[in-house]
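One-letter residues, chain by chain:
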Amino acid sequence: MEEALLLSRLQFAAATMFHFLFVPVTLGLSLLVAIYETKYVRTGDETWLRMTKFWGKIFLILFAVGVVTGITLEFQFGTNWSRYSAYVGDIFGSLLAIEATAAFFLESTFIGVWVFGWKKLSKKAHMMVMWLVFLGSNLSAIWIILANGFMQNPVGYVMRNGRAELADFGAVLTNSFAWQQFFHTIAGAYMLSAMFVMGISAYHLLRKQHIDFFTRSFKMALPLGLIAALFLAGQGHIHGNEVAHKQPAKLAAMESHWETSKPAAMHLLVIPDEENERNLVEAIRIPSLLSLLAFNDPSAEVKGLLDYPKEDRPPVAITFYSFRIMVGLGGLFILLMGAAWLYRNRLTEKPWLLRSLIWAIPLPFIAIQAGWVVAEVGRQPWIVYGMMRTADAHSPAVVPGQIWFSMIVMCALYAVLGLAGFGLTAHYARKGPENHKS
Amino acid sequence: MLPEIWFFLWGLLWAVYFMLDGFDLGAGTLMPFLAKNDEEKRYVINAAGPFWDGNEVWLIAAGGVTFAAFPQVYATMFSGLYTALMLLLFGLIIRAVSFEFRSKLTGKGWRKLWDTCQFVGSVVPAVLLGVAFANIFQGLPIDSQGIVRGGILDLINPYGLAGGILFLVLFLVHGAIWLAIRTSGPLHERAAHTAVYLWPVQVFAILGFLAMSAATTDLFANYLQTPALFLVLLVPVLGLIAARVYMGTEQWWKAWACSAAVIVGCAFFGIIGLFPRLLPSTINPAYSLTTANASSSDLTLSIMLGVTLVFIPIVIFYQAWTYKNFAHRMDEDDLAYEEAY
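In order, the protein sequences belong to chains A and B. In this text, residue positions in the first sequence follow my numbering: the first is 11, and each later residue adds one. In this text, residue positions in the second sequence follow my numbering: the first is 501, and each later residue adds one.
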């Protein structure tokens, strides 16, 4: 592969994945903090206020890193992917611009108000500000994913003047593929945030400190996490159907399904052998299962990878394993949430559960990263599915030396940010709430 | 018609970004020189604290609008200014987290690290924005494919550097006035003096930049063709004079508004000179990216116009509200709660 193209892809992957370590937790944590603060305003109970401040502080640290690393992403379309930008900017660019004006302004303006407004605003107004931050950040997610949805399933455009021009804005806004992605992403983010709060709470409950404080934190997060975990499984299936219809090559790669078959069976144990266009191991065969999962029809035909020209196939192994990591972890989360729900009133008597929840803190981060790898790597070799190849999209003006330089600086910088961001989070999480403040 | 409207909205968004982020970038650059101890540094940081994040979104909006309304400009501009833009972004990143991280731990080395980031992350974007826009004013080596032929070293030329100095000085004055508004005591005195002392430097930088523009660019062509446009230049000129008068009478808010007018006026001096080109080509005028050959479809432009007309007034409304509520002169109370860094 051409060096500049490869480097641009790596740089974009690194920048997005790093960004998306921080964003999901803030999407859900803003909701939980807003709920904690609402509880405080309603009851006047100081513990809710301490919870608001404790989780709010962690939220702010992670939010800062998430926001700043998002800025580089917007500009990377121009810097590294100029041909892409010129080709679909008419549609894609407008979605990003709307995101900035209709959502990003909201969260960024009011986050400052929230931090500095404890004494300036009434309790109610201050609480409303947190809801606005929540609204802004979650609206942002909608616009960004609508933009990504266009890359996955281009709709509402017409080819004119050598580029994709907007023909039907309504179609872009109601892109079903994008909305499936949005629901999946947002539910994943809420689940991650819930597990994050539950994991940190478990740490203190296990040590039998601040019991009331962390029991309440835990119990507020639990229903959110449980509902999100169950929703993810059901909605994930519907999302999978959408993929089967709109991006059949991605589906085949997710399952390492080589030969077109009708009905298609599924093997519970598969080891793909991409080089030789087959599977090294295929065991525990369940007839018709793949047809059923993909199309809700046990006799449906599922197209195999061999029916696609080699240059149109996504990387199989990466897509396949990432998908399994995501789904496997998703199943584990349902079990963990179920157990937590079962023992929610006897948490301190179940040290094994608390310990598992602490160990589980990193897992949803991994699941979400894996999910995006399925979505983005599985979309290859297209940058806009079926319309423009990634290889035709990068900037002709930019030479590898420039990308090397910016990538090395970026990675070094992000490493420091990651250490500082997660380090501070761990520091404050371990320290626990402060006692005196009101 | 739509592309022309968007040309001026494009210019306006960048100008508003310079005007708003200008003061906090200026304040961050001045911090090591004006703040004598840790507490004074916190005053400087908190002076921008409630606003810098919202200000920076104007950059995102300006970038987004460039992308939406003029995709080819977005593609050419940011890939052509690749390294400069990356350095700008890295600067903004380290500055942004320095606000959040600085006071989260008490160690001396930790604070020093983030204070350095605050300074570097303020001065680098200020200078680079000036260098980049001066080079756009003067034209970039854009070929027939819309590709900039040249690297970051080509941006370093006398006019580009003059732009960098101009922006830095504009932002420093703007930031000094802002600090004078929000602080009291010795810090206020130092900020006020700095604004006053920098004022002649600012006059000199503006005049120098105008002279160089006349000598090395064709920015004045539009003005000569339509002399009435010279009236627009009265905005920065009068703003400059009025700013000095208000500094003398210690009416800092008015001085700040005048300084803002100077920044917007300077930006519009270039924007008007560019019209209808967004990126002039130095290789061949026919390769320039203009409202005619670089804009989005009419449908996209009109949808974006609708979105802008609805949302930007709302944004201005709530941002103005935050300024009204949080731009008072700070006292000890404002440093009392630890959430504020």
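Misleading hints may appear alongside valid ones.
[Said to hold, decoys possible] Dumping the calculated DSSO-like pairs for lysine-lysine here, alpha-carbon to alpha-carbon at most 30 Å: (1) Lys-754(B) - Lys-130(A); (2) Lys-754(B) - Lys-441(A); (3) Lys-604(B) - Lys-360(A); (4) Lys-256(A) - Lys-272(A); (5) Lys-134(A) - Lys-754(B).
If you're looking for bench data, these hints aren't it; they were derived computationally from the structure.
Next on the checklist: Check the structure against each numbered hint from earlier and tell me which ones fail, lowest number first.
Outcome noted: 2, 3 and 5
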